[in-house]
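Kindly generate the complete structure, drawing on both the sequences and the hints.
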Amino acid sequence: MHNWTVIIFSLIVALMLSLLPMPEWAMWARPAWVLLVLIYWSMTLPHRVGVLTAWMIGLVMDLLNANLLGSHAMAYAIVIYLVTRMYTRLNMYPLLQQGICVMIFVILYQFILFCIQGFAGALPASNWYWLSSIVSMLLWPWLFVLMRDCRHRFSVA
Amino acid sequence: MTAFSSIKAWLSLPVAPIQFIVNLPAQWIGDVRTVINTHDNLISENLRLRSDQLLLQSRLQRLIAIESENNYLKSLMQSAQKIKTKTLIAELLAVDSEPFMNQVILDKGARNNVYMGQPVLDASGVMGQVVQVGPITSRVLLVSDPHSGIAVQDVRTGTRAVAVGEGYSGKLRLLYVSKTADIQPGDIFMTSGLGDHYPEGYPVGKVINVNSNPTAQFKEVMLEPSAHLDNSRQVLLIWMEQHA
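Sequence order for the protein chains is U and C. Quick note, the first sequence lines up with residues 28 to 184 if you use my numbering. Quick note, the second sequence lines up with residues 29 to 272 if you use my numbering.
Just so you know, these hints were derived from the structure itself, not from any lab. Just so you know, even glycine gets a beta-carbon here, dropped at the ideal spot from N, CA and C. There could be a bad hint or two in this list.
Pulled a few chain C residues facing chain U out of the computed Cβ check, cut under 7 Å [unchecked claim]:
id, residue
1, V43
2, I46
3, V50
4, D124
5, E126
6, P127
7, I164
8, Y230
9, K234
Listed below in structure tokens is the structure:
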């Protein structure tokens with residue numbers, strides 16, 4: 028129970044960060060907060076946070092964003108499935124290499140959303156759309172260290 | 029399908045706390061700004077608002093006379109007229125959604141009798157319409173969204189058209205304008221009241237660009253929306269007659 032409290036709290040904070048108002052010039056640069064936190068948890072605790080959690084959080088994200096219901100859910104679930112398949116390798120990588128993997132995951136996530144948006148009829152008509160993956164990669168080492176300290180501090184296992 | 033969208037609207041209730049919490053910092057910044065405002069600033073603002081009010085009051089007096097005359101003439105011509113009876117000021121929640129979503133969230137919902145398709149205005153023009161009504165929040169589709177269409181009319185010449193959103197650029201585009209139509213840059217387009225969604229006579233946008241390409245079938249007209257779509261904090265909800 029205690030473990031889940033910490034995990035869900037971190038995910039809610041990530042959801043809030045993804046809603047926080049940003050200035051106009053930074054609007055494409057928002058990192059994929061929720062996905063990053065999900066990747067961290069499914070990498071370190073794959074027996075707790077998996078595809079199902081990703082799916083649920085994706086539904087919440089869709090409700091918050093008024094996207095097509097299920098679009099984020101599907102994108103998160105697919106990416107987290109890949110993460111849980113290769114979590115042992117990801118844990119062995121140094122931070123830099125992890126960051127590159129995370130960028131690939133975020134690009135995949137954005138690509139899935141891009142396709143869904145295309146079908147739904149409102150394609151983001153700017154190549155800045157893909158900037159988010161690079162920002163996420165640059166943020167990853169800091170987020171990783173922060174989340175690891177949180178995990179040790181609250182002894183989540 | 030309607031059942032599903034109503035479930036989706038109800039599900040906006042459990043996620044509303046997250047939106048309200050994210051809204052708090054922006055509200056605090058506003059509060060702090062009010063607190064640290066100097067006495068002099070407040071006095072000068074008060075004076076300015078008072079003179080504005082006087083000006084608007086005097087204009088309103090004339091308008092009331094004109095409106096009653098207009099109603100009288102319309103009744104003579106036996107044409108249908110719509111009188112707006114009820115309005116409500118709503119506040120936008122300072123919540124971002126993804127950059128390609130041209131939607132905003134209001135802090136009024138079904139408990140304030142907001143209805144689906146309700147027009148939303150700000151101080152300078154039409155902002156959009158309500159597309160989802162939750163119990164305590166509602167979602168507004170801005171006029172700049174590609175899914176939004178609005179019946180408009182040129183103030184100068186009376187040319188009618190449909191204005192659709194251009195997506196993330198924040199502009200509007202007129203559909204099916206014949207090449208001979210008299211439209212010039214600087215013309216103001218207002219709602220025509222056709223389509224029964226928006227009340228008649230509110231400004232929608234100003235023409236910034238007219239392009240009549242000989243190979244295209246229609247004239248290409250771009251509008252700059254009159255409403256401040258990205259920096260309004262307070263908006264006006266209007267109840268059309270059949271919903272009031």
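Of all the hints given earlier, name the ones this structure violates by number, lowest first.
-> 7, 8, 9
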